[in-house]
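**Q** Residues per chain, in single letters:
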Amino acid sequence: MADTLMHVEVVSAESHVFSADIRGIFARGVEGEIGILPGHQPAVIALDIGAVTLQMADDTRALVAVHRGVLFVGADGRVIVLADIAELGTEIDVERAERRKAEIERRLASGPDAALASSLAKQNLRLDVARSASGVPSAN
Amino acid sequence: MAGSGQIRQLKRRIRSVQSTQKITRAMEMIAASRIMRAQGRVRAARPYAEQIHEIIKGLAVSNEVREHPLLQQREQQRVAVIVNTSDRGLAGAYNANVLKVAERTIREEEGAGRQVDLYIVGRKGAGYFAYRGRRAEKLWEGISDTPTIDAAGEIAETVMTRYAAQELDRVWLVYTDFKSSLTQSPVRMELLPVKPEEFGGGQEIAPEFIFEPSQEELLERLIPRYVEAKVFHSLLESSASEHAARQRAMKSATDNAKEVAGNLSRIMNAARQEQITTEISEIVGGAEALGSR
Numbered sequence: 000m001a002d003t004l005m006h007v008e009v010v011s012a013e014s015h016v017f018s019a020d021i022r023g024i025f026a027r028g029v030e031g032e033i034g035i036l037p038g039h040q041p042a043v044i045a046l047d048i049g050a051v052t053l054q055m056a057d058d059t060r061a062l063v064a065v066h067r068g069v070l071f072v073g074a075d076g077r078v079i080v081l082a083d084i085a086e087l088g089t090e091i092d093v094e095r096a097e098r099r100k101a102e103i104e105r106r107l108a109s110g111p112d113a114a115l116a117s118s119l120a121k122q123n124l125r126l127d128v129a130r131s132a133s134g135v136p137s138a139n
Numbered sequence: 000m001a002g003s004g005q006i007r008q009l010k011r012r013i014r015s016v017q018s019t020q021k022i023t024r025a026m027e028m029i030a031a032s033r034i035m036r037a038q039g040r041v042r043a044a045r046p047y048a049e050q051i052h053e054i055i056k057g058l059a060v061s062n063e064v065r066e067h068p069l070l071q072q073r074e075q076q077r078v079a080v081i082v083n084t085s086d087r088g089l090a091g092a093y094n095a096n097v098l099k100v101a102e103r104t105i106r107e108e109e110g111a112g113r114q115v116d117l118y119i120v121g122r123k124g125a126g127y128f129a130y131r132g133r134r135a136e137k138l139w140e141g142i143s144d145t146p147t148i149d150a151a152g153e154i155a156e157t158v159m160t161r162y163a164a165q166e167l168d169r170v171w172l173v174y175t176d177f178k179s180s181l182t183q184s185p186v187r188m189e190l191l192p193v194k195p196e197e198f199g200g201g202q203e204i205a206p207e208f209i210f211e212p213s214q215e216e217l218l219e220r221l222i223p224r225y226v227e228a229k230v231f232h233s234l235l236e237s238s239a240s241e242h243a244a245r246q247r248a249m250k251s252a253t254d255n256a257k258e259v260a261g262n263l264s265r266i267m268n269a270a271r272q273e274q275i276t277t278e279i280s281e282i283v284g285g286a287e288a289l290g291s292r
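In the order they appear, the protein sequences are chains A and B. The first sequence begins at 0 in numbering that gives the first Met the number 0 and counts up one residue at a time. The second sequence begins at 0 in numbering that gives the first Met the number 0 and counts up one residue at a time.
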């Protein structure tokens, strides 16, 4: 089993993010944490806002920030992560995310707003994923 | 001397036309490079929409999708029209064409006795309807140039919430379809209600599939994503069309400037020649007057 790989595609609404042969994928579904290894039963799983961890063929890990996603495991064993927003941790610009976060917090200070609160959650997630991808421990 | 004054004026006009030409040429080239990028984004967004559609179709085989609030057909009393225009002008007939379709849709709906709520993307559309005294329910600026999924989500969310709350009974989406760099045509699409036929013909998902949460809840989550992807697609198509229309408009402006500058310099040359001829005949005339004495 150690040598089996499965193909994964990460697709966001704006673009095709990533595709590779991997050893496993770990994510937070709306009903709890899930791990998918090669040979998994076909499934359709709604994902929570959070980080998806991919265990690569060389045993390194890649993190993907996922917002409003669905994980699809096909009958042929291929895995598709579909999400509104999906970004590789290594590709997130921490400085820009910080600036966006500060901007959102400043606007939130003038009053509660559901849309802004959800954008704030999104920026926090991106920052977390970006920091753990670059090896810097997360601030919170 | 009247001649040299005229020449000076012509020179100034030629210079002004030429600097305009430089600007339009730059705009033409910028637009051309943006078309490529916008087309790339349309292509890049396709896999997501297709996959979502496939999964919904698969789920719809064994589930009743008709019950979903976004698929419910009602007697239509109140409709919304979303119109995609650009923020900036100088794009030829791009905005006029799409606004014509929007205007026609509004007239048809109002002619049938329905109330129309207007949603506008782009400053140009806002200006058009404000001038005609029509109030927009909501206006989005600054997204039509390079649309993001966030913006598409916000637009979709606005109308979906009102549709589910039965405040709207139909939603039209008016945008410009990018067929090629030469042809873009304004189109309208019925965004809501989603037709059940759109989810027909799917392959049944095999019974061994695990669903988390249940199939109904998954559909509940995915159908709004599908609508959102459609809105996003319309924004991307419109943006590619805008750049293509601008490129063409700027190309003809550049060509025209070249022609105007050419004509003006011909007139200027003629005037200069005339001036020289006059001067020579004056000198000759003067010399003859002296010689005959």
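Source of the hints: derived by calculation from the structure; they are not laboratory data. Possibly wrong hints are sitting among the right ones.
Unchecked claim - Here are some, though not all, of the chain B residues that point toward chain A, as calculated from beta-carbon distances under 10 Å:
#, residue
1, Met35
2, Gly39
3, Gln50
4, Tyr130
5, Thr147
6, Glu211
7, Gln214
8, Ala288
The beta-carbon is built from N, C-alpha and C at its ideal position, and this holds for glycine as well.
**Q** Run every hint past the structure and note whether it holds.
**A** Against the structure, the hints come out as follows:
1. Met35: violated, 15 Å
2. Gly39: This interface hint holds because 9 Å falls under the 10 Å limit.
3. Gln50: With a closest approach of 5 Å, the Gln50/B hint holds.
4. Tyr130: Since the shortest Cβ distance to chain A is 30 Å, the answer is violated.
5. Thr147: holds, 7 Å
6. Glu211: holds, 4 Å
7. Gln214: Because about 8 Å separates Gln214/B from the closest Cβ in chain A, which is inside the 10 Å limit, the hint holds.
8. Ala288: Because about 83 Å separates Ala288/B from the closest Cβ in chain A, which is outside the 10 Å limit, the hint is violated.
Hint check: violations occur at hints 1, 4, 8; the rest are consistent with the structure.
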